[in-house]
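*Asks:* Each chain, letter by letter, is given below.
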Amino acid sequence: MEWRPAVRRETVTGAPVTVGTVTVRPQARSWLVRWPCDMGGFVWNRPIAVLVERGGETARIPIVDVTRRAQVGLYGLALVFGLVALVLAARQRAHRG
Amino acid sequence: MDSGIEIITKTLQDAQQGRELMEKLLRVASPEGVYGQPIVAGEYTVITASEVRTSLGYGVGGGVGTNPAEKQEQGQADTSFGSGGGGGGFAAGRPVAVITVSPQGGKMGPVVDATKVALAFFTALGAMFMMFAQMNKAARRQR
Numbered sequence: 001m002e003w004r005p006a007v008r009r010e011t012v013t014g015a016p017v018t019v020g021t022v023t024v025r026p027q028a029r030s031w032l033v034r035w036p037c038d039m040g041g042f043v044w045n046r047p048i049a050v051l052v053e054r055g056g057e058t059a060r061i062p063i064v065d066v067t068r069r070a071q072v073g074l075y076g077l078a079l080v081f082g083l084v085a086l087v088l089a090a091r092q093r094a095h096r097g
Numbered sequence: 001m002d003s004g005i006e007i008i009t010k011t012l013q014d015a016q017q018g019r020e021l022m023e024k025l026l027r028v029a030s031p032e033g034v035y036g037q038p039i040v041a042g043e044y045t046v047i048t049a050s051e052v053r054t055s056l057g058y059g060v061g062g063g064v065g066t067n068p069a070e071k072q073e074q075g076q077a078d079t080s081f082g083s084g085g086g087g088g089g090f091a092a093g094r095p096v097a098v099i100t101v102s103p104q105g106g107k108m109g110p111v112v113d114a115t116k117v118a119l120a121f122f123t124a125l126g127a128m129f130m131m132f133a134q135m136n137k138a139a140r141r142q143r
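Going down the list, the protein sequences come from chains B and R. Counting with my numbering, you get residues 1 to 97 for the letters of the first sequence. Counting with my numbering, you get residues 1 to 143 for the letters of the second sequence.
In short, the hints are calculated from the structure, not lab data. The beta-carbon is built from N, C-alpha and C at its ideal position, and this holds for glycine as well. Any given hint could be a false lead.
Here are some, though not all, of the chain R residues that point toward chain B, as calculated from beta-carbon distances under 7 Å [to be verified]:
hint : residue
1    : Gly36
2    : Arg53
3    : Ala91
4    : Pro110
5    : Val112
6    : Lys116
The task is simple: from the sequences and hints, build the whole structure.
*Replies:* Have a look at this one:
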């Protein structure tokens, strides 16, 4: 039986799309998690960038996931607020005690 | 033990089907699963980019059992077998960006999911408010 890692990260480039003199190659990154005994798995695939070729030059345009960034920022803010509040409360308690 | 062999054969067939399903799941992890088909409009070509998440799990099993002695006395079959399987999964996709390709070059336009951002905002706000309220309560109790 072929051995395959349980967690795998891959960056793959897709088929090029040509418009006039411009060629675009999309890039995607995927995370693959296999459950034990190959009884299923999880795949998270997201776009990361497009490579634009024009006149022999290649430019990389990163794809920014604004929604994800906003979500992580907001949840991070709540977490930081919680941690700061806990630290302040602990300090206050130590001061009194 | 013909029934035992039957059960193993059946279980292996089920497992094979599961493995085939797993291979189909892994096909999602390709750029084709993320980037849509290019749409051409005059000099412009538009490609949509989405985030895709899928998960799948399944299980198969079987067993052989011998009937109790009293059942055998009644003339019933001495062995019985059974097999079964089950599975479940989910698939979710969300548009992330729109890529416009023109003879002038390529341009990326983000797609913002206002509902998700609003939900995250109110969840974070709620968590902060709850934390603040609990701390206030604790401080008042100490006084």
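*Asks:* Now tell me if each hint is right for this structure.
*Replies:* Taking the hints in turn, this is what the structure says about them:
About 10 Å separates the beta-carbon of R:Gly36 from the nearest beta-carbon of chain B, more than 7 Å, and the hint is not met. Checking R:Arg53 against chain B by beta carbon gives a least distance of about 5 Å; that is within 7 Å, so the hint holds. A least Cβ separation of about 9 Å between R:Ala91 and chain B goes past the 7 Å threshold, and the interface hint is therefore violated. Satisfaction of the interface hint for R:Pro110 is found here, the shortest Cβ-Cβ separation to chain B being roughly 4 Å, below the 7 Å cut-off.
Given hint, R:Val112 at the interface with chain B, holds; its Cβ is 5 Å from that chain's nearest Cβ, closer than 7 Å. Checking R:Lys116 against chain B: minimum C-beta separation of about 5 Å stays under 7 Å; hint holds.
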